[in-house]
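**Student:** For reference, the chains in residue letters:
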Amino acid sequence: MIEFQNVVKQFPDGFRAVNGLSLTVHDGEITVFIGPSGCGKTTSMRMVNRLLSITEGRILVEGRDNRDYPAEELRRKIGYAIQQIGLFPHMTVLQNIAVVPRLLGWEEDRIRKRVDELLELVGLDPDVNRDKYPRQLSGGQQQRVGVARALGADPPIMLMDEPFGAIDPITREVLQDEFLEIQKRISKTIIFVTHDIDEAIKMGDRIAILKDGSLVQYDTPDTLLAKPKNRFVRDFVGADRQLKRLGLLRVRELMTRDTPNVSLRASTDDARRAIEAAAVKSAFVVDEDGVLKGWVDREGLRENPDSLLDAMNEGDFREIGVRQSATAREALSAMVARGFRITPVVDERGALVGSITLRALQELADQGWVEGEQAS
Amino acid sequence: MSVIPNRIAMLGSSVAALGFFFLPIVALKPNRLAAGVPFNLLQLQGDYRYILLFALALVPFMVAFRKDVTTRGWLLVALGNLLLLLTLLLPAMAATHLLANATQYLGENAFVRNPRVLPTGGLALGLAGGYVTLFAGLRDLERSGVQAWIRAIGAWAGVAVIAVLLATGAFNVYSVMVEFHTNGAALQQKFVEHLMFVLVSLVVGFIVGVGLGLWASRDERVSNVILYAVGIIQTIPSLALFGVLLVPLARLGDAHFLPVALFFAVSAVLAIAVGLGYRALAGRLPSRLQTASLIVAALVAAVPLTLFTGVFVSFVYRAARIGFGGGAMSGLDNGILALVLAGLGLWVLRRWVFVRDGVVRSLVRWAYLLAYAATGVLFVVLMVRAAATDQFLGAVPSLSALTVRDLGVSGIGVAPALVALTLYSLLPLVRNTYAGLKNVDNAIIDSGRGMGMTPAQIFFQIELPLAFPVIMAGVRNAGVALVGIGTVATVIGAGGLGDFVIQGIVNTSIDLILLGALPAIALAMVLDALLRFAEGLLTSPGIRHAQNS
Chain A
1 MIEFQNVVKQ FPDGFRAVNG LSLTVHDGEI TVFIGPSGCG KTTSMRMVNR
51 LLSITEGRIL VEGRDNRDYP AEELRRKIGY AIQQIGLFPH MTVLQNIAVV
101 PRLLGWEEDR IRKRVDELLE LVGLDPDVNR DKYPRQLSGG QQQRVGVARA
151 LGADPPIMLM DEPFGAIDPI TREVLQDEFL EIQKRISKTI IFVTHDIDEA
201 IKMGDRIAIL KDGSLVQYDT PDTLLAKPKN RFVRDFVGAD RQLKRLGLLR
251 VRELMTRDTP NVSLRASTDD ARRAIEAAAV KSAFVVDEDG VLKGWVDREG
301 LRENPDSLLD AMNEGDFREI GVRQSATARE ALSAMVARGF RITPVVDERG
351 ALVGSITLRA LQELADQGWV EGEQAS
Chain B
1 MSVIPNRIAM LGSSVAALGF FFLPIVALKP NRLAAGVPFN LLQLQGDYRY
51 ILLFALALVP FMVAFRKDVT TRGWLLVALG NLLLLLTLLL PAMAATHLLA
101 NATQYLGENA FVRNPRVLPT GGLALGLAGG YVTLFAGLRD LERSGVQAWI
151 RAIGAWAGVA VIAVLLATGA FNVYSVMVEF HTNGAALQQK FVEHLMFVLV
201 SLVVGFIVGV GLGLWASRDE RVSNVILYAV GIIQTIPSLA LFGVLLVPLA
251 RLGDAHFLPV ALFFAVSAVL AIAVGLGYRA LAGRLPSRLQ TASLIVAALV
301 AAVPLTLFTG VFVSFVYRAA RIGFGGGAMS GLDNGILALV LAGLGLWVLR
351 RWVFVRDGVV RSLVRWAYLL AYAATGVLFV VLMVRAAATD QFLGAVPSLS
401 ALTVRDLGVS GIGVAPALVA LTLYSLLPLV RNTYAGLKNV DNAIIDSGRG
451 MGMTPAQIFF QIELPLAFPV IMAGVRNAGV ALVGIGTVAT VIGAGGLGDF
501 VIQGIVNTSI DLILLGALPA IALAMVLDAL LRFAEGLLTS PGIRHAQNS
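Residue numbers (the working numbering), protein chains in the order written: chain A, 1 to 376; chain B, 1 to 549.
Isolated chain A, as found in the complex:
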């Protein structure tokens, strides 16, 4: 746990970069510091491992004032990864990752094992990459090594200053996903600095929005998007914050489970009854295994009253359905693209598990919007 208590940072030229910051970074969570440039986010982070001195107030690291530790000892306990990566170009990948373990005086065998373990964790083949130099790696690989190096001595806490900032957007997405996977396994307490709100929403368990050295709002991404505290936060998270919020929600959590559906073998009468019973316009058609095969609506039944196979609209589940693991934003996008007001939800095999309606998504967004308006 890291606790900021009324922390002030004033530089020798009189500039107050951080002005009475108080917040708690919870164990095992990624806490994102975000804000416009000059808001004090990096300064706040750099005071944690005392790369910058604290002018007033204090920072507790695992319950102790961080000034009680000798500076070097403190820093060796805290992983550190930065935007420019900062790999040592004259050292091999192994030597880079081994820096902190060597500073701590680990045995060579233990270091080698740890390095291989870390390289595998970040998705690099140890035998191929161990003895390479940074310039022989791509930007994405270098960043992976940078993360592995920050994890070198298995520190409980990590500081990450725009670690994916200098990388092309596609690789950045991949690295973000990979890092979230890694974090699921290692559960570090992480302070993550970025200026990219999309990255913050994706990576953060909690987001602290800073402005002019002060904390403006500190909340989970969903709350932040649904209930921005004031105009500044609303502007900062962007006009499309409702869409962003949909990006946080999974279809699994929003869908209706009892969806009208009929078997391929069923008669047209069965289908008509099912539709009328649910008071909807259409029903989904599934095969014996429950796999989505298409849909049938009232109009189709009227034109082909004898055969369900003729009446139904056939479609592959990959084309017409959305996965239950997809985000609500993806579901919305699919509906808009296909012109559906309702879309079936399927599992990995393609079996129908529920459905989600455009109206449900709209209501969700409206609810957040109204609350947000009232709050400001």
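No wet-lab data here; the hints were simulated from the structure.
Don't take each hint at face value.
Chain B is faced by these chain A residues, among others (derived, beta-carbon under 8 Å) [claimed, not checked]: (1) Met-45; (2) Asn-49; (3) Glu-72; (4) Arg-75; (5) Gln-84; (6) Gly-86; (7) Phe-88; (8) Pro-89; (9) His-90; (10) Val-99; (11) Val-100; (12) Leu-103.
Cβ-Cβ distance ranges computed for the label pairs, FRET-style [claimed, not checked]: (13) A:Lys-132 with B:Ala-388: 28 to 36 Å; (14) B:Leu-349 with A:Arg-135: 23 to 31 Å; (15) B:Leu-270 with A:Lys-113: 52 to 60 Å; (16) A:Met-1 with B:Phe-533: 54 to 62 Å; (17) A:Arg-16 with B:Leu-363: 56 to 64 Å; (18) B:Phe-312 with A:Met-1: 24 to 32 Å; (19) B:Phe-312 with A:Ala-71: 36 to 44 Å; (20) A:Glu-62 with B:Arg-288: 45 to 53 Å.
Beta carbons are placed, not taken as given, at the ideal position from N, Cα and C, and that holds for glycine.
Given chain A, work out where chain B should sit, using these hints.
**Tutor:** Below, chain B alone, put in the same frame as chain A:
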């Protein structure tokens, strides 16, 4: 990618061919002083060897149009080497004929004594053309990805053959070689002298210069003062600097050692006090006053530093001359050489012949560290023993009679040369150290700090290895420059290869000038190559290609 013709090879070919065609290749001289009779291509009565040489010079021009870069590269390398070799060898062979019939060419009245053949413009351009062609070929090979060590063999093959032929006496007809045979023993001594004052000033300059560069890189205000000061030194003509040092060093030499030592101790204590005072006060003073007090501190510190450097370097030089020069000490100096080589061998073994096993590895490590420690101890013992001989301090009756001159400091001779050369070496060393350290990416240092490295660890494990190639480039610059400037040191009686040059100028004997100049050029090139080799060996492969020298 379309292959363009190798223009450099065309240039080399043209230079050599035009030189052979228009300029005299050699001149026949009856003795050291008389002007010679020049011979050019057409005057050599159709000797087939000259025609062959001329034809050879044209070949690279045609090869330059080949499309296959690798083959072209190898052909050009071969032609360049051949041109270098034959430009020296064929005229030498033809010249034996000239010498045999000297009277016929020079006339009956010529005073023939030690007749020799002077290489002239045509031959020089031929060598230049050969070198350019070789270079052009090496570039092609580099482009087509031929490994560095194979290219190195190609680059040095011709020179190696020439060296062997030189040793067998194939070039003895040339005037420089004639002078070499008459002055051989003197040349060896002058060469050693030259090498020693270059190396001693380079080592001292390295210690002082890297120190100053480090200081400059740490403190922005100091950096202006230091870089300005070493820049000013570089603008003083070397002759003037030798002259300026003459008087103070002569006065210093006259002084007795004890009062000088006392003065040194007092000024050193004073300098340390001023330095500490500056550090304590620097933060609190207004910036102008800060700069002023900094300059005062620097000047106060400069007095003992200069004094110590001058005396210490002169002493080491003189002791080393006696220690390594006199036969009496041969046991120790061979021991030092053996230890240095053994240490180097062990170090290479550990680094390149991968000794994986932990115990063996650390044994090898301790062994080479021990070898270097022993080298240092032996060196000090050698210095002390040399100093104690009758040729040095042993002749001084008592401590109170000891003058600074007895330690090797005097107005003329080696002392002013060493001081001046050390000063000249400072600019490249300070500037490169400063630039090298300043260029280390801040993000890299920041992550070192963020991971918990101490300032010393950051300096030795990050900054120094990264700045190393740049610092070494400065050392090479300084070394090569010192070999050249060192030839001027002869005017204040410091000796060295400049002796031959001055003698040659006084006697208008170009042969003697060359006898001084050619070894100096060779020394500069070998020194540069050795330092380059050491640089390559010690630079991490991770940054080796990132920068060009």
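**Student:** Would you mind marking each hint as holding or not holding in the structure?
**Tutor:** Checked hints:
no.: 1; hint: Met-45; result: 10 Å, violated
no.: 2; hint: Asn-49; result: 6 Å, holds
no.: 3; hint: Glu-72; result: 5 Å, holds
no.: 4; hint: Arg-75; result: 3 Å, holds
no.: 5; hint: Gln-84; result: 4 Å, holds
no.: 6; hint: Gly-86; result: 3 Å, holds
no.: 7; hint: Phe-88; result: 6 Å, holds
no.: 8; hint: Pro-89; result: 5 Å, holds
no.: 9; hint: His-90; result: 4 Å, holds
no.: 10; hint: Val-99; result: 6 Å, holds
no.: 11; hint: Val-100; result: 5 Å, holds
no.: 12; hint: Leu-103; result: 6 Å, holds
no.: 13; hint: A:Lys-132 with B:Ala-388: 28 to 36 Å; result: 56 Å, violated
no.: 14; hint: B:Leu-349 with A:Arg-135: 23 to 31 Å; result: 27 Å, holds
no.: 15; hint: B:Leu-270 with A:Lys-113: 52 to 60 Å; result: 57 Å, holds
no.: 16; hint: A:Met-1 with B:Phe-533: 54 to 62 Å; result: 55 Å, holds
no.: 17; hint: A:Arg-16 with B:Leu-363: 56 to 64 Å; result: 58 Å, holds
no.: 18; hint: B:Phe-312 with A:Met-1: 24 to 32 Å; result: 59 Å, violated
no.: 19; hint: B:Phe-312 with A:Ala-71: 36 to 44 Å; result: 39 Å, holds
no.: 20; hint: A:Glu-62 with B:Arg-288: 45 to 53 Å; result: 48 Å, holds
Of the hints listed earlier, those the structure fails to meet are numbers 1, 13, 18, in rising order.
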